[in-house]
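J.: Given only the sequences and the hints, what does the whole structure look like? Please build it.
These protein sequence lines are chains C and U, in that order. Taking the numbering used here, the leading residue of the first sequence gets 1, the next gets one more, and so forth. Taking the numbering used here, the leading residue of the second sequence gets 1, the next gets one more, and so forth.
It is worth saying that the hints were derived from the structure and are not from the lab. Worth double-checking, as some hints may not be accurate.
Stated by the list, open to error - Distance condition first, Cα-Cα at most 25 Å in a straight line; then the derived DMTMM-like pairs of lysine to aspartate or glutamate:
id, chain 1, residue 1, chain 2, residue 2
1, U, Lys6, C, Glu208
2, U, Lys115, C, Glu374
3, U, Lys96, C, Glu374
4, C, Lys410, C, Asp296
The residues making up each chain are set out below.
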Amino acid sequence: MENLCVEWPYPVDYEKINEIETDILVIGGGIAGSWAAITAAKMGGKVAVVEQMDVFSAGPAGVDHWHNAFDNPACKVKPDEAIEIMERYVTERGLPFNPIGRYITYNESYKTLLELEKMGAKIRDTEDEFKGAPFRDEETKLLYAYDYDVKCTIRVWGQTFRQALYAELLRLRVPLYSRIIVTSLLTENGQPGRRVIGATGVHTRTGEFYIFKSKATVLCTGMFDGGLRIFGYLGYGFYSLHSPSIVGIGHAAAWKAGAEFVGSDARFRRGTGHGSMPSYATGNPSNTWHPATMVDANGKVIPWIDPLTSKMLSTFEERVNSSLRGYKALGGPPSWPETVPISHAFFMPSVFQEFLESLKKGEFSLPLYADLTEMLEHERRVIFGLMVAQEGKTWIVYRNLTQAGFDPDKDMLQSYFLGAHGRHLDPLGNLFTSAGGGLLHDWDFKTNLEGLFIAGDICFYGLEHAGASVSGRWAGAKAVEYAKKASFGKIDWDQVERERERVYTPTKNKYGIDWRELNVAICTVMRTYINDLSNEEMVKIALKWLDELENGEAKKLVARNPHELTRSLETLNALENAKLTAIYTLERMRRGKIEGMLTMRLKSDGQIEFRELPPRWWLMPPYEPTYRANYEKHKPW
Amino acid sequence: MIETKKYYAPITPSLIVEFDPNVCDGCYPTFREPLCVKACRMDILLPNPDRSKPPILIYPDECCECGCCVHACPKSLKGAIKMNWPTHKQPRWKRKTTGEHFRVGMPNPPPPNPKPPAGGWYPEVKRQASNEC
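T.: Encoded structure:
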């Protein structure tokens, strides 16, 4: 047995119940959760964090570019212009977005970054390595990305961010409950739709049960990736930049508590070239490696194009300077579409969208490579030596590639993409993901449930790293205000007992299936029946199958230790989320085109209620009629 | 005397996380928990019963290849721990002047590129590695 198994090193007790009381409970200790807890603690709130991993390395945690810094002094586009352009862009294309989260981020992004710097994070080229580079501000030593004219995105040393936040949480003595997976939200009377008064969880190493009682709760559990997750090395489709626990822990708990969801349909977006290869180790030109020169097998350069004019760009400078692409009046009032400022946050140039057609005609030859060798030294260095190396979660990419002998001065990294946001070289890299649906929130980042605030990627249509930080700060402050006036709720012990019965079932089963089998089954149902070819009948079949899984195989999971129990609970969450994705998708199909946003929630009688919000609901009563007025009215400081 | 039930975890052969037992000391006695174990987002590293020895890898298929274990290791640059991408996920590249093809993990690899990242492997930051909670 010596080489076949290892004795579990932690004491296990599935019967033990721990009760913890805190005014503000932050669920999820990633970027948004850390900011929420730090802000609440600084404002005098009694706050605690519960996190499935260790807060030490929780959340997506890496970041290479700080987005949406329209409030930085060098930026040529102001927040009010930015939101106008953004809204117009997405409305014309029928794309979803989170106007509240975005506008607040546009106004708070840079201020938040400076706060982070005070905590010890590195955001400036203090070594002067990039002195004289066109993307560097010589006075502030900030390095800008993507559009060197507009300057709304800042290149950063992201690996220091997680550490700085962790250090700040320790300095503020915020209690951190690491390695506890939250399984449900507690509500008054145990009913959906009532005030949220706490949460339950299971320790991932000891299996002990936890009951958290709180006056206010901030849910920061990230996104749900659409039920498509299969683990990396035996399967495919999971890529490591996202938090491994993006199985919708918060989504499932909030759904059962009656929170209102929006945008939960499958979006049918194709995988963006990460696929089964390590993220950012393959020269993806649309993000971190932007604007790397891409060449084909014979060294022929693949042209870059402007996204709005479709003009082919002949020089490198045109890729990074919107003024050279004919965009006028930067910083002035935009008159669509002639004076659109270009930035990564909006529309950066991309490698030839019609690449695939050209390939079929024989104009290019596979495979493709990211060729940094011909680029200027500082451009090459800033992509590989900073964006990749210092991002945090891709630190290992730089480490492993350089240890294996890769040298961007001489070598071209093979790329697996086949056109921007297009197909992947490995067919298995082409996957559909969710629309980024999440919980509806108001200008306070409060949900429809009393006592429940949210921040980060659980917000409808998500928020990126800067947005997670900004919304975390905002929601943390609002939770303090709320908790001051609120009292602890009365726990419904029937709800607690029902939850204990549910979560420990896999530990009681002796015979049955491993969570992996159920996980793959859920993913297969989602990919097969909910895709760009599906119709109502297909989605109904998916729902029937998911129901059968829930009442059949899901009850047969076997967990031999707390680790397997944790994975089983994640898989049950994925099943819950897959179901709500299918239910929402079906309703969207039935309704056809709608003008505003469709929301969905579970009522106390067990029925599902759908609601159509009118276009621009965020500027209608009870809210103020302009973005600025709402921002000023709700601003917590 | 109350008999305590023992629990186990299966071990699968894998090099996805590889320790050098001559360098790794399990962070003993500096840290209560080896820092790779603390950092592991999937919780697939267990502390060795002999705390001065390298941690034990379980469930290697769950590794998300984030490299947090290597990043957190106080002896990472001395080779105490490596995260090896599984064989089918090894990135490839081509040398422009010679046309030679390479991959991570190939036999007879070229010498390492010694250039550190811009700002160094570990830029100065308030590093906190203790177990205070």
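J.: Where does the structure disagree with the numbered hints, that is, which hint numbers, in rising order?
T.: none
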